[in-house]
Amino acid sequence: MLINTVILFLRDALPLFVLLGMLIGQVAVTKRLLFGALLLGFFCSLVFIQQVDVLGELFAGTGLEVSLWALHFLLYSGVLLLGFGLFIRPASYLNHHQSWIVLVLLVIIIVAKGTNFLLYFNGFLNQQNALQSMLIGTLLGLGICLSLAILLYFFTVWLKRQFGPFASWTILLIFVSGQVTNSLNLLVQVDVIPEGVSLWNSQWLVDNESEYGHLLNVLFGYIATPTTLQVSLYISLIFLPLFTRYFWLKFIAHTDRGENQ
Amino acid sequence: MARFHRYYCLLLMVVSPSLLAVPEYELVLKDHLFFPSQITIPAGKKVKLIIHNQDDTPEEFYSFSLNRQKVIFANSKTYIFVGPLRPGEYEFSGEYNPNSARGTVVVEKESRGDGDAD
Chain W
1 MLINTVILFL RDALPLFVLL GMLIGQVAVT KRLLFGALLL GFFCSLVFIQ
51 QVDVLGELFA GTGLEVSLWA LHFLLYSGVL LLGFGLFIRP ASYLNHHQSW
101 IVLVLLVIII VAKGTNFLLY FNGFLNQQNA LQSMLIGTLL GLGICLSLAI
151 LLYFFTVWLK RQFGPFASWT ILLIFVSGQV TNSLNLLVQV DVIPEGVSLW
201 NSQWLVDNES EYGHLLNVLF GYIATPTTLQ VSLYISLIFL PLFTRYFWLK
251 FIAHTDRGEN Q
Chain P
1 MARFHRYYCL LLMVVSPSLL AVPEYELVLK DHLFFPSQIT IPAGKKVKLI
51 IHNQDDTPEE FYSFSLNRQK VIFANSKTYI FVGPLRPGEY EFSGEYNPNS
101 ARGTVVVEKE SRGDGDAD
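Residue numbers (our numbering), protein chains in the order written: chain W, 1 to 261; chain P, 1 to 118.
Looking at chain W on its own, in the form it has when it is part of the complex:
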């Protein structure tokens, strides 16, 4: 039970802590907003679990997977909004309310990843013999996740100071793109999209089930045997916003030059 709890923490809570570290490094948020986000996320997860039967019945029984994938996509959209406010329209309403976007992003990831936890704890808390090992496992898991979140926070702050906010935002973009790409499996397992053929197999290099494989999976969406769809989606999710920003800045520079002449 102890090991299971730690593993569950590393698998499901790590993305939440990674996002937390990166977001706090990117955007200045108050403690009040942070606790508010955690509480709201917890409450929304409870509502999500309450409605899970109804969700599961939707869309010919694929509702739960579709909802979870949609949540991951919303997470990606939120990071795009953050980038839009930061780099495309710095004077926009969005940029003045970055901390609210952070709140929404945290709530979304808590619902998407925390549901599993609540089910696990809810199912086993009543077992007297499981309580102690679950609590120790929780403490260990929390310790590991918090350590990584703090490291990522300092890394994001350093990146932002050295190379500007665009660099730290790009790391955030890569992280959420990996999350969306990984969540494609949810749609594959209920046959919404077909199982694709693997493009390559890099298990020999980094095994997906190893510690490094797991960490790389959470940080960048590393998959040892990705399908064509996963690779195309991952590349598009990262490069489309980057190209859009590049061409937008070019367009702005061109327009400014035109006005000056």
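Keep in mind that the hints were calculated from the coordinates and are not lab data.
Positions of the beta carbon are idealized from the N, C-alpha and C atoms, including for glycine.
Hints may contain errors.
[Stated by the list, open to error] Pulled from the structure, derived: some chain W residues nowhere near chain P, Cβ distances all over 12 angstroms:
#1 Asn4
#2 Leu233
#3 Leu242
[As the list claims (entries may be wrong)] Examples of chain P residues lying across from chain W (beta carbon under 10 angstroms, computed):
#4 Glu26
#5 Phe81
#6 Pro84
#7 Lys109
[As the list claims (entries may be wrong)] So the derived label-pair ranges between C-beta atoms look like this:
#8 Gln38(P) with Leu135(W): 33 to 43 angstroms
#9 Ser65(P) with His254(W): 49 to 59 angstroms
#10 Glu24(P) with Gly164(W): 53 to 63 angstroms
#11 Asn75(P) with Leu58(W): 16 to 26 angstroms
Put chain P on the given structure of chain W with help from the hints.
Using the frame of chain W, we list chain P on its own:
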């Protein structure tokens, strides 16, 4: 919402026509054990795996080699699609009770009917 639901179901049928013809296999989870613990499915075919959780606690079906992971609520059932797969053995487990809830999907070239195919 109902209209969207209708369109979505229509889309599902167009996108995955195989949905109507896939063979079904059943797994039962009781006392944190899978029954049968070994299930044989044909190679190169997509199959639907229906998992019944008869325990009072939730469980998460997890298989790295099958690339599948799904929560099954207490006293309920769920399904996942697996395959098409190459011949071989693919292990799965219950993520919340990995020591007891374990099993294998055996993929063979020809279906011999020793699984729980409907």
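Structure-based check of all given hints:
1. Here Asn4(W) does not stay apart from chain P, with its beta-carbon only about 6 angstroms from theirs, under the 12 angstroms limit.
2. For Leu233(W), the requirement that its beta carbon stay farther than 12 angstroms from each beta carbon of chain P is met, with the minimum near 16 angstroms.
3. The beta carbon of Leu242(W) is kept farther than 12 angstroms from every beta carbon of chain P, the shortest such distance being approximately 29 angstroms.
4. The interface hint given for Glu26(P) is broken, as the beta carbon of that residue sits about 16 angstroms from the closest beta carbon of chain W, more than 10 angstroms.
5. A hinted interface residue such as Phe81(P) counts as satisfied when its beta carbon comes closer than 10 angstroms to some beta carbon of chain W; here the least separation is about 4 angstroms, so the hint holds.
6. Hint on Pro84(P) holds. Least Cβ distance to chain W is approximately 7 angstroms, under the 10 angstroms limit.
7. For Lys109(P), the interface hint is violated, since its Cβ never comes within 10 angstroms of a Cβ in chain W; the closest pair sits about 19 angstroms apart.
8. Between Gln38(P) and Leu135(W) the beta carbon distance is about 36 angstroms. The supplied range of 33 to 43 angstroms therefore holds.
9. For the pair Ser65(P) and His254(W), the beta carbons lie near 53 angstroms from each other, so the given range of 49 to 59 angstroms is met.
10. Distance hint for Glu24(P) and Gly164(W): a CB-CB separation of about 55 angstroms, consistent with the stated range 53 to 63 angstroms.
11. Between Asn75(P) and Leu58(W) the beta carbon distance is about 21 angstroms. The supplied range of 16 to 26 angstroms therefore holds.
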